[in-house]
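Enquirer: Sequence:
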Amino acid sequence: MPSLPQLPNEMPARFDAATLLALRHNPPRMGLWAMERRGQMFEARTLLRPTPVFAGPPGPAVLRRDEFVALESWPQPDAWQPGDRVMVPVESTDEASATRYVAWLLALAERERAAPITASAHLGPCAVAPFSSDAAGTHRLWAIAAARLALPASIRVEARHDLIGIRLAQVALGFGADTLAGPISADRHLPVAGVTRPDETSITGLRNLIEQAGLECALHEDTASRVLETGRQTVRVELSSLDLTPGDRNK
1 MPSLPQLPNE MPARFDAATL LALRHNPPRM GLWAMERRGQ MFEARTLLRP
51 TPVFAGPPGP AVLRRDEFVA LESWPQPDAW QPGDRVMVPV ESTDEASATR
101 YVAWLLALAE RERAAPITAS AHLGPCAVAP FSSDAAGTHR LWAIAAARLA
151 LPASIRVEAR HDLIGIRLAQ VALGFGADTL AGPISADRHL PVAGVTRPDE
201 TSITGLRNLI EQAGLECALH EDTASRVLET GRQTVRVELS SLDLTPGDRN
251 K
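Just so we're aligned: 5 in the UniProt record's numbering is position 5 of the sequence shown, and the numbers increase by one with no gaps anywhere.
Incorrect hints may appear among the rest.
Claimed, not checked - Distance ranges between label pairs, derived from CB positions:
(1) Asp94 / Phe54: 23 to 31 Å
(2) Ile166 / Leu71: 20 to 28 Å
(3) Pro12 / Glu67: 35 to 43 Å
(4) Thr93 / Ser120: 33 to 41 Å
(5) Ala186 / Glu110: 41 to 49 Å
(6) Ala115 / Ala186: 35 to 43 Å
(7) Pro8 / Pro183: 38 to 46 Å
(8) Glu43 / Ala121: 36 to 44 Å
(9) Ser185 / Leu71: 24 to 32 Å
(10) Thr99 / Glu72: 13 to 21 Å
(11) Asp199 / Asp16: 24 to 32 Å
No lab work stands behind these hints, which were simulated from the structure alone.
For glycine and all other residues, C-beta sits at the position ideal for the given N, C-alpha and C.
Go ahead and model the full structure; you've got the sequences and the hints to work with.
Expert: Next up, the structure:
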């Protein structure tokens, strides 16, 4: 059996491709480092962002200015626009896909550090949402953790409950995901077995998942100073300067 790649004892200030790929073989370390990095960037603050309802994309796609756009390939770093939320398929059965994904993340990070995408209070921050069509949960968590470790704070990392499942999306909050995203369902009004319980994909249910992970939910559906419009829905969200231009100690 070939020996596993060696990891440094301390979390690097900036990750290279070899270290990101080696983390696939050490889930505890990748989770620990990804959570440490997201804590440096956002503390416990976690965004809750809605998306339109659509079938999971078979390939790369972007949610751009309320419109779902299927892409032929992963977008080049200089093709991003303010507020873009990019969905990236990374299949566990394709070894070359992981290597290409890491190279894409590092190129995007370098481009963002050199010429940041303009932040937009109306559209919200840019984001990447890795997913996979197979059921390899650890691989999906690695794709999310690698994105958080590679990218600067100006690009959020989304756990999309409609793409990876609600249970894995909650677990991903412990692997560096700083945003819980997906279609928002209406709150359930009728009791179940005599007790009123929120639908897990309602604002109340998703907020509960974030708080159960020991994190702070940044969405407020009541009055707020700004609104974030996505997917032909208008959800009132209180966005602070931390959410739009967060401090990144590792630039």
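Enquirer: Against this structure, judge whether each hint is valid.
Expert: Evaluated hints:
1. Asp94 / Phe54: 23 to 31 Å: Given range 23 to 31 Å: holds, Cβ gap about 24 Å.
2. Ile166 / Leu71: 20 to 28 Å: Holds: the Cβ-Cβ distance is about 25 Å, inside 20 to 28 Å.
3. Pro12 / Glu67: 35 to 43 Å: 37 Å, holds
4. Thr93 / Ser120: 33 to 41 Å: 37 Å, holds
5. Ala186 / Glu110: 41 to 49 Å: 42 Å Cβ-Cβ, so the 41 to 49 Å window holds.
6. Ala115 / Ala186: 35 to 43 Å: 41 Å, holds
7. Pro8 / Pro183: 38 to 46 Å: 40 Å, holds
8. Glu43 / Ala121: 36 to 44 Å: Given about 20 Å between the Cβ atoms, the range is violated.
9. Ser185 / Leu71: 24 to 32 Å: At roughly 27 Å between Cβ atoms, Leu71 and Ser185 fall inside 24 to 32 Å, so the hint holds.
10. Thr99 / Glu72: 13 to 21 Å: 20 Å, holds
11. Asp199 / Asp16: 24 to 32 Å: Hint violated: Cβ distance 42 Å, outside 24 to 32 Å.
Going down the numbered hints, you'll see the structure goes against 8, 11, while the others check out.
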